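Trainee: Residues per chain are reported as follows:
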Amino acid sequence: MKALDKTMKDVQFFSKGTKILVVLLGLAAIAVIYRYVFGLGGATNLSDDVPWGLWVAFDVFAGVALAAGGFAVTAAVYIFNMKKYKPIARPAILTAFIGYSVVMLGLLIDIGQSQRFWHPLLMWQHRSVMFEVVICITLYSNVLALEFAPAVLEKLKLTGLLKILKFFTFPLVIAGIVLSFLHQSSLGAFFLIMPARLSQLWYSPIMPQMFYISAIAVGLAMVSFESIVSAKAFKKEYEMDILKGLGKGTRITLGIYLLVKIIDMIVRGTFPMLLDGSLASKFYIAEILIGAIIPIILYSIKSTQESVGGILTSSSFVIFGVLFNRFNINFFAQLRPGISYFPSVAEIAITVGLVALGIFAYRIAAVYFPVMHDSQEQH
Amino acid sequence: MVSNTMPVDTKAVKKGVLIDLTKCIGCRGCQVICKNWNNRAVKKTVLTGNFTNPLEMNSETYTTVKFFEEEKENKMSWNFVKTQCMHCKDPACASACPVGAFTKDPRGPVTYNAEKCIGCRYCMMACPFGVPKYEWEKLFPVIQKCTFCVDRLDAGLIPSCAKTCTSKAIFFGDYDAIVAEAEKRIKDNPEKYVNHIYGKEEAGGTSWMYLSSVPFEQLGFKTNIPKRALPDLTWASLSKVPAAVGTLITVLSLVAYFRNRGDKDKGE
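Sequences listed follow chains A and B, in order. All residue numbers for the first sequence refer to the numbering used here, where the first residue is 1 and numbers rise by one. All residue numbers for the second sequence refer to the numbering used here, where the first residue is 1 and numbers rise by one.
Isolated chain A, as found in the complex (with noise of 0.2 Å):
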């Protein structure tokens, strides 16, 4: 295949994953056909005592979540200057990218009137976090397929645009890290509303700061996660060193979350209400256990921390830990008597649809333009 970028031409297209792939995109299709036949009614478990199902605590919370790793790299490596980074700055502004188009994909889904997504834009509203945040999402996006431009760029050979892409390349990643820190803190002021819906345990005047940090923690373990697999998947070379500094990055940031959250508590006096046998608080202890202690102490410890395997344990506890997070105060911080979720067959399809979606995309770009080759190698 001549559109093969040269590094690639080894990979065959369609491997066995990426049959997989198309199967759960068509169930995918057939879901999203079903929601525009019966309506959100018809199609999902949602009612007027849930609203919010898996696809706004998934696709939307934990997408853009996962989606982190995108600002945070950028920033190591324009901002500053940790040059090391540079080879995994691509793939990480290709995450992004792909996840911040499958959330409003999600998002689009989801509201009631998806023909009218475009009324935030022109309605201000400027009190309501939602409209911060759709904003926020909608320029990143641009920002983020700017970032990636240069890749397309390349392969085109527009060597003209690329020249001019170069110039703005500082104010795009400081632009990028300024709507991610509003948005990825927002995320966390979506809840500040609530206070007597949420649970004690997850409410804090905080939760916008503890959004921020815990979406750069898991942004980081998802760069890492990510490169170890794309490695796999493409027959590359691991990365020791940059999996060990993403690995030092992930550390030090959930060491500061787990800090905050402990002061927290501390301050507003929640510690009493772990032990009072709720299912909250179990799920409280068990994301904190999960998302913040164990994966410590497993970047603490040398050996995990030079080897492929350990690296992927430990970054699968973060991604599992704030995925956990983000579900619990959705659903399970809000538990009330009575009231019971689980979401329906199509709600599932379409959310592992777009999960399969967002990787068939990855596969797509990594395949035919310049993403995982070194670009020092180039010039």
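Careful, some of the hints might be misleading.
As the list claims (entries may be wrong) - Between beta-carbon pairs, the in silico distance windows are:
#, chain 1, residue 1, chain 2, residue 2, range
1, B, PHE51, A, ILE293, 43 to 53 Å
2, A, ASP264, B, THR45, 41 to 51 Å
3, A, PRO205, B, THR48, 32 to 42 Å
4, B, ARG261, A, THR159, 23 to 33 Å
5, B, ARG261, A, ILE364, 31 to 41 Å
6, B, PHE140, A, ILE339, 19 to 29 Å
Derived by calculation from the structure, the hints in this document are not laboratory data. Bear in mind the structure is a predicted one, so any value in this text is a computation, not a measurement. Where a beta carbon is used, it is the ideal one built from N, C-alpha and C, also for glycine.
Starting from the known structure of chain A, arrange chain B on it as the hints suggest.
Mentor: Same frame as chain A, but now just chain B:
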């Protein structure tokens, strides 16, 4: 004494409604007239062994009367609670809505413009009273909730439920007069009423308020709602955005400048 038949200028500012639960006889006339005036359809309901029907408000039911049974001295005792939108002074739904579909009318009603709504349901999450309901069964659903009969106010009429209430449990009037009346009733009959006007301070104050002879938490009222306006909680974070943007841009530019000083060939 304020009465629900007293002529009030419905177009003048700041109205309120007082629901005196001790006077409610559970006739559900308000529920019926509300459907009637607002052209609400019926939804299929189920028997639950309780007279409350439907059990909660829904997109076709702006108000529902809840029946609470208790045993008092071996005799059955009823308490009836009319539920509807509380029409907060500073509504959480309005501040949550990304497109400004909700508006606080200076007279009291929290109104909703379905034309703007994108159907994100953040208002449902934000409302401390669980009021906004969704048209789950429709392909292009919007939110539905009590309108305070704002169309009737415009026409010089009082809300249909207040108009129809046979036992004078629903009082409509000037907000200040309503509060004064509620305070007077508690003061004159301290043994009859719980010493609390539900809605006077909840969520920063609501245009609709309740009096009761039974503790509110026993009647399904949420009693953990802060006394401050809920949008302030979000604003504490959102108001810092401009300063955060300015600071971040400055700090990032400075760090980038000093960390990259002397380096050639930046970017890609």
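Trainee: Could you run down the list of hints and mark each one as holding or not?
Mentor: The hints, checked one at a time:
1. The given range of 43 to 53 Å is respected by PHE51/B and ILE293/A, whose C-beta atoms sit roughly 51 Å from each other.
2. At about 44 Å, the CB distance of ASP264/A to THR45/B agrees with the hint of 41 to 51 Å.
3. Checking the proposed 32 to 42 Å range against PRO205/A and THR48/B shows it holds: the Cβ atoms sit about 39 Å from each other.
4. Hint check: ARG261/B to THR159/A, Cβ distance near 27 Å, so the stated range 23 to 33 Å holds.
5. The hinted window of 31 to 41 Å between ARG261/B and ILE364/A holds, with their beta carbons roughly 39 Å apart.
6. Between PHE140/B and ILE339/A the C-beta distance comes to about 26 Å, which sits within the given range of 19 to 29 Å.
Violation of the numbered hints given earlier is absent; every hint is satisfied by the structure.
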